[in-house]
Amino acid sequence: MTQVTMTVNGKAVSGDVEGRTLLSEFLREGLRLTGTHVGCDTSQCGACVVHVNGTAIKSCTALAADLEGAEVVTIEGMANPDGSLSTIQQAFQDHHGLQCGFCTPGMVMSAAALLKENPKPTEHEIREYLEGNICRCTGYHNIVKAIMAASGQDVSAIAAE
Amino acid sequence: MPKDHGIGARSKRREDTRFLTGKGVYTDDMAMQGQVYAVMVRSTVAHGKIVSIDTSAAEAMPGVLAVFTGEDFAEVGGNPAGWLIHSRNGEPMREPKRPVLAHGKVRHVGDAYAAVIAETYAQAKDGAEALAAGTVIEELPAVIDMAAAVANADNRVHDEIPDNLCFDWGWIEDNREAVDQAMKSAEHVTTLELVNNRLVPNAMEPRASIGEYNPGTGDYKLTTTSQNPHMTRLLVCAFVLGIPENKLTVVAPDVGGGFGSKIYHYGEEALVLAAAKKLGRPVRWTAERSESFLSDAHGRDHVTKIEIGCTKEGEMLALRATTMANVGAYLSNFATVTPTYLHGTVMAGPYKTPHVYVNLKTVFTNTAPVDAYRGAGRPEATYSIERAIDKMARELGLDPVEVRRKNLLTPDMFPYTTPVGLVYDTGNYQATLEKSLDLADYAGFEARVAQSAANGKLRGIGLSTWVEACGLAPSHLVGQLGSRVGLYDAATVRVNATGTLSVMTGAHSHGQGHETVFAQIVADKLGISEDQVEIVHGDTSKIPFGMGSYGSRSLAVAGNAMNNAVDKIIAKGKKIAAHMLEAAEGDITFENGSFSVAGTDKAKSFGEIAFSAYVPHNYPLEELEPGLEETAFYDPNNFTYPAGAYLCEVEVDPDTGVVEIMNFTCADDFGNVMNPMVVEGQVHGGVVQGIGQAMIEQTTYDQSGQLLSGSYMEYAMPRADDVPMITVDHSCATPCTHNPLGVKGCGEAGAIGSPPAVVNAVIDALQRGGYTHVTHVDMPVTPSRVWAAMNG
Ligand code: FES
Ligand code: FES
Chain A
1 MTQVTMTVNG KAVSGDVEGR TLLSEFLREG LRLTGTHVGC DTSQCGACVV HVNGTAIKSC
61 TALAADLEGA EVVTIEGMAN PDGSLSTIQQ AFQDHHGLQC GFCTPGMVMS AAALLKENPK
121 PTEHEIREYL EGNICRCTGY HNIVKAIMAA SGQDVSAIAA E
Chain B
1001 MPKDHGIGAR SKRREDTRFL TGKGVYTDDM AMQGQVYAVM VRSTVAHGKI VSIDTSAAEA
1061 MPGVLAVFTG EDFAEVGGNP AGWLIHSRNG EPMREPKRPV LAHGKVRHVG DAYAAVIAET
1121 YAQAKDGAEA LAAGTVIEEL PAVIDMAAAV ANADNRVHDE IPDNLCFDWG WIEDNREAVD
1181 QAMKSAEHVT TLELVNNRLV PNAMEPRASI GEYNPGTGDY KLTTTSQNPH MTRLLVCAFV
1241 LGIPENKLTV VAPDVGGGFG SKIYHYGEEA LVLAAAKKLG RPVRWTAERS ESFLSDAHGR
1301 DHVTKIEIGC TKEGEMLALR ATTMANVGAY LSNFATVTPT YLHGTVMAGP YKTPHVYVNL
1361 KTVFTNTAPV DAYRGAGRPE ATYSIERAID KMARELGLDP VEVRRKNLLT PDMFPYTTPV
1421 GLVYDTGNYQ ATLEKSLDLA DYAGFEARVA QSAANGKLRG IGLSTWVEAC GLAPSHLVGQ
1481 LGSRVGLYDA ATVRVNATGT LSVMTGAHSH GQGHETVFAQ IVADKLGISE DQVEIVHGDT
1541 SKIPFGMGSY GSRSLAVAGN AMNNAVDKII AKGKKIAAHM LEAAEGDITF ENGSFSVAGT
1601 DKAKSFGEIA FSAYVPHNYP LEELEPGLEE TAFYDPNNFT YPAGAYLCEV EVDPDTGVVE
1661 IMNFTCADDF GNVMNPMVVE GQVHGGVVQG IGQAMIEQTT YDQSGQLLSG SYMEYAMPRA
1721 DDVPMITVDH SCATPCTHNP LGVKGCGEAG AIGSPPAVVN AVIDALQRGG YTHVTHVDMP
1781 VTPSRVWAAM NG
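For the record, the sequence lines run as chains A and B. Each residue of the first sequence is one higher than the one before, counting from 1 in the numbering used here. Each residue of the second sequence is one higher than the one before, counting from 1001 in the numbering used here.
These are computed hints drawn from the structure, not numbers from a lab. Careful: at least some of the hints might be erroneous.
Think about it this way: if two alpha-carbon atoms lie no more than 25 Å apart in a straight line, the pair counts; the simulated SDA-like pairs of lysine to any residue are [stated by the list, open to error]:
1. B:Lys1023 to A:Leu85
2. B:Lys1023 to A:Gly83
3. B:Lys1023 to A:Gln44
4. B:Lys1012 to A:Thr87
5. A:Lys11 to B:Val1025
6. A:Lys120 to B:Met1725
7. B:Lys1125 to B:Gly1063
8. B:Lys1012 to A:Ser151
9. B:Lys1012 to A:Gln90
10. B:Lys1023 to A:Arg32
11. A:Lys116 to B:Asp1721
12. B:Lys1023 to A:Thr87
13. B:Lys1003 to A:Ser156
14. B:Lys1023 to A:Ile57
15. A:Lys120 to B:Asp1721
16. B:Lys1023 to A:Pro81
17. B:Lys1125 to A:Glu18
18. A:Lys116 to B:Asp1722
19. B:Lys1012 to A:Leu85
20. B:Lys1023 to A:Ala79
21. B:Lys1125 to A:Gln3
22. B:Lys1023 to A:Thr55
23. B:Lys1023 to A:Gly10
24. B:Lys1003 to A:Gln90
25. B:Lys1023 to A:Asn80
26. B:Lys1457 to A:Glu125
27. B:Lys1125 to A:Gln44
28. B:Lys1125 to A:Thr61
29. B:Lys1023 to A:Thr7
30. B:Lys1023 to A:Leu22
31. B:Lys1023 to A:Glu71
32. B:Lys1012 to A:Ala157
33. B:Lys1023 to A:Leu31
34. B:Lys1003 to A:Ala157
35. B:Lys1023 to A:Ala62
36. B:Lys1125 to A:Ala65
37. B:Lys1012 to A:Ala79
38. B:Lys1125 to A:Gly19
39. B:Lys1012 to A:Asn80
Fair warning: this is a prediction, and the values are worked out from it, not measured in the lab.
Please model the entire structure based on the sequences and the hints provided.
Here it is, written out as structure tokens:
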């Protein structure tokens, strides 16, 4: 067991972890931040995406012990300070970008990282960027639309509005 | 003006707030005081005799608290199939016992034969490894291929079933001769052999279960990833563990998708309950994704020969389908109804074909159980029919659109009794067909072909016109057909003293948005705000009863139960109002949330009536009980019949065989629509699952029974960059005639209608491009298959 200290959603946290403890496990079991989901065991689904030092990563691919001093943001840290939904979260609700909600935390975290890099992505760019996030429910249509809307683009012409 | 609340409004989903902020609570998110972890020990061979299990090494491992093997459950019951099917010769199906843990033999890779419970997950995993090392399993030859399975009497999945055949079913047996005759005398017969590829449902949340036991009261609690908690309770109590039903609560909290795979009861649920009792501590189990691939019920897996007898002008006279359906190693709960009554009964499609006969053999193999997956039987039927019609049109030199126009049932023919036992209540198949052609700019298609050709691509268009039977269904009918349960649903509407409502429903939401849509219905009917209505689901201790959510039945069955319970509330409210307003009950009208005396301005609001029911100071106590709570059980008198027309346009790269979907258009008839936003989302999701089946998804076992597609590295899931935007329309609505809300159900439509549209489009592209020898390519239409077909 080693002790690791990091900042999660702006709060300093620390805990004892084994060498093999994944960041996803540390967040879910150590810190009880269960918004980060685990949908696979091969780093393929993206349900576990969080931000580490400003970059989106799959938290099932990182060892907690390696992240001493890191700044981590999870879905629990994405709402506005007053608790209201952020622009991206609100766009997902407005455009029905989620159904069962299981992939949603990863989708929102990926979308936020995309918009930071590319504030006005095209449909094609969004689809390419989300390649690592699987959603079985929505068919992606409304996720793509929500992200376009969150970036301030007019989505009224997209089918089935 | 679109409505901004109530029935028909695009109300935003209230459940989204918790899901978007990480506050959803799925089974694996729960932490229980004193919890311990279960890990299943699964077979690594497809077929084997369990010679010995030495548990001592595992038991001696640090943290290990208990070990279970098949022996521990040898005396308890088995997990039954929900439907008893009879073979053509009148014999009942062969129904082997499905134990909690495999006993004597293992029958598929992933078949769990033991479980290890330990203080931590890591310790349980280490214990499971030690137990596997102490187990001797003598490998037997695996039964994988269906044709070989029935041909080889010596190689048996279940020793007592000599030819691995579960049943040989005919539907309708009385039609057989007439179909044979019509085929013989038809001017033309089209024949097509095809495979409906095996799929893994892959809800994004892996299955998980937590068992708890209270030694003081003897009460059990199961928290589990289920689409129908009441059925799970019934199966665990009455069939598997023999617990009194009043001593088990089943809770299905937030559930991350199901698509059929979470309808069923699985052995892990019984295991965690038995272990919790033994240890007196909560026992939890969560599948790793690799375990989900091995042990969730798979879907589809049919091999079919379909024949259509017709005139030279393309009028369909007879249809015959001969199918082998894989049920895997054990019968999962809906394994026997899915290929029969959810498949054979819809083989008439939306067409006038007078003679239809289906023969179906279901076969045991050493593979994971196969059961209902989104659409369940109806995608298989639709794929067979729609591919065969397209082939027929081509063979006759006719336009596939014209052939459909000629054969579709017309609106004046409803109610229509099909030759395979259903009565379609209503529909307008011409309207959805023409709508889809219009939305997809079918008129401009030839110009797009030319454009694609200029870019070196082959463009094709594929059509699928389909109808399905869902909203399961009349209990008296399903009982005659072999169902061992009723298929009604229930709702309780509890009006609280302050005028808020708690509505308990037997449907379970795992992505469908019930918390929002059901509140829209109740609020609309009572003329109150949606915010006043809370929808409670997924807890057997709170809900009267329910048959869960699958088969597009939530709204069509449970929604109508809720509708009827609200009507009872209104009826009682009128009695209370009559007393308070000193008028005759018959003079009270209820509108916009207000009870009033017709023709006067005397009125009481819904809130005032609710308050009076709970504070009955001025109340007709001699005639009426206080309180305002009503329950309704609703048993529909027919299935519902959503229908639609789907058009898919593709480009094929002739150099590589790569298929790209250029656009996809759906015109659906779902009857009345409660929330268009949610309905569109259901269609998007269903269509993309269908596109996944048609283009990339494939479950493969090798001949030794090893699953070759056991992770997201080998099993291709549709990702955002694989699919286009989907155009959807549901304006051609013919409301269901036999339920109060006039609704039909929309959950499965997309997955039913889309696969043949995709494959028809690919064949069209190849044919137009001069590859006229290609009349069929099996799903998934991967680049290598398409290329091989072109160059074969
Ligand atoms: S859980 Fe991390 S990618 Fe699937
Ligand atoms: S919303 Fe269910 S997996 Fe994406």
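Hints, one by one, checked against the model:
1. With a C-alpha separation of about 13 Å, the suggested pairing of lysine 1023 of chain B with leucine 85 of chain A holds against the 25 Å cut-off.
2. A hinted pair counts as satisfied when its Cα atoms are at most 25 Å apart, and lysine 1023 of chain B with glycine 83 of chain A qualifies at roughly 12 Å.
3. Distance hint between lysine 1023 of chain B and glutamine 44 of chain A is fulfilled; the C-alpha atoms sit about 23 Å from each other, no more than 25 Å.
4. This hinted pair checks out: lysine 1012 of chain B and threonine 87 of chain A have alpha carbons roughly 15 Å apart, not beyond 25 Å.
5. A C-alpha spacing of about 22 Å is found between lysine 11 of chain A and valine 1025 of chain B, which places the hinted pair at or below 25 Å, so the restraint holds.
6. For the hint pairing lysine 120 of chain A with methionine 1725 of chain B, the CA-to-CA distance comes to about 18 Å; that is within 25 Å, so the pair holds.
7. At roughly 11 Å between alpha-carbon atoms, lysine 1125 of chain B and glycine 1063 of chain B fall within 25 Å of each other, so this suggested pair holds.
8. In summary, the hint linking lysine 1012 of chain B to serine 151 of chain A is supported, as the alpha carbons are separated by about 20 Å, within the 25 Å threshold.
9. Proposed proximity of lysine 1012 of chain B and glutamine 90 of chain A is supported: the alpha carbons are some 10 Å apart, at most 25 Å.
10. For the hint linking lysine 1023 of chain B to arginine 32 of chain A, the alpha-carbon distance of about 11 Å falls within 25 Å, and the restraint holds.
11. About 20 Å separates the Cα atoms of lysine 116 of chain A and aspartate 1721 of chain B, which keeps this hinted pair within 25 Å; it holds.
12. For the hint pairing lysine 1023 of chain B with threonine 87 of chain A, the CA-to-CA distance comes to about 18 Å; that is within 25 Å, so the pair holds.
13. In summary, the hint linking lysine 1003 of chain B to serine 156 of chain A is supported, as the alpha carbons are separated by about 18 Å, within the 25 Å threshold.
14. Only pairs whose Cα atoms come within 25 Å are accepted, and lysine 1023 of chain B paired with isoleucine 57 of chain A is accepted, the gap being roughly 21 Å.
15. In summary, the hint linking lysine 120 of chain A to aspartate 1721 of chain B is supported, as the alpha carbons are separated by about 18 Å, within the 25 Å threshold.
16. For the hint linking lysine 1023 of chain B to proline 81 of chain A, the alpha-carbon distance of about 16 Å falls within 25 Å, and the restraint holds.
17. Annotation: proposed proximity of lysine 1125 of chain B to glutamate 18 of chain A holds, straight-line Cα distance about 15 Å (limit 25 Å).
18. Between lysine 116 of chain A and aspartate 1722 of chain B, the direct Cα distance comes to roughly 24 Å. Compliance with the 25 Å bound is thereby established for this hinted pair.
19. Of the pairs offered as hints, the one joining lysine 1012 of chain B and leucine 85 of chain A holds, with about 14 Å between alpha carbons and a cut-off of 25 Å not exceeded.
20. For the suggested pair lysine 1023 of chain B and alanine 79 of chain A, the alpha carbons sit about 12 Å apart, so the restraint of at most 25 Å is met.
21. Distance restraint check for lysine 1125 of chain B and glutamine 3 of chain A: the Cα-Cα separation of roughly 24 Å lies within the 25 Å cut-off, and the hinted pair is therefore satisfied.
22. Under the criterion of a C-alpha separation no larger than 25 Å, the hint pairing lysine 1023 of chain B with threonine 55 of chain A is consistent with the structure, at around 23 Å.
23. Taking the CA atoms of lysine 1023 of chain B and glycine 10 of chain A, the gap is near 18 Å; set against the 25 Å cutoff, the hint holds.
24. Under the criterion of a C-alpha separation no larger than 25 Å, the hint pairing lysine 1003 of chain B with glutamine 90 of chain A is consistent with the structure, at around 21 Å.
25. Restraint check: the Cα-Cα separation between lysine 1023 of chain B and asparagine 80 of chain A comes to about 15 Å, which is no more than 25 Å; the hinted pair holds.
26. The suggested pairing of lysine 1457 of chain B with glutamate 125 of chain A holds, with an alpha-carbon distance near 23 Å, which does not exceed 25 Å.
27. Straight-line distance between C-alpha atoms of lysine 1125 of chain B and glutamine 44 of chain A comes to about 22 Å, which keeps the hinted pair within the 25 Å bound.
28. With a CA separation close to 20 Å, the supplied pair lysine 1125 of chain B and threonine 61 of chain A stays within the 25 Å bound.
29. Our distance criterion of 25 Å between C-alpha atoms is met by lysine 1023 of chain B and threonine 7 of chain A, whose separation comes to about 20 Å.
30. At most 25 Å may separate the alpha-carbon atoms for a hinted pair to count; lysine 1023 of chain B and leucine 22 of chain A meet this at roughly 21 Å.
31. Our distance criterion of 25 Å between C-alpha atoms is met by lysine 1023 of chain B and glutamate 71 of chain A, whose separation comes to about 21 Å.
32. The hinted pair formed by lysine 1012 of chain B and alanine 157 of chain A meets the criterion: a straight-line CA distance of about 20 Å does not exceed 25 Å.
33. Distance check on the hinted pair: lysine 1023 of chain B and leucine 31 of chain A sit about 14 Å apart at the alpha-carbon level, within 25 Å; holds.
34. With a C-alpha separation of about 20 Å, the suggested pair lysine 1003 of chain B and alanine 157 of chain A falls inside the 25 Å cut-off, and the hint holds.
35. Of the supplied pair hints, the one linking lysine 1023 of chain B and alanine 62 of chain A holds, its CA atoms being roughly 23 Å apart against a limit of 25 Å.
36. Annotation: proposed proximity of lysine 1125 of chain B to alanine 65 of chain A holds, straight-line Cα distance about 21 Å (limit 25 Å).
37. For the hint pairing lysine 1012 of chain B with alanine 79 of chain A, the CA-to-CA distance comes to about 18 Å; that is within 25 Å, so the pair holds.
38. For a cut-off of 25 Å, the pair hint linking lysine 1125 of chain B to glycine 19 of chain A stands: about 16 Å separates their Cα positions.
39. Simply put, lysine 1012 of chain B and asparagine 80 of chain A have alpha-carbon atoms about 19 Å apart, close enough for the 25 Å limit, and the pair holds.
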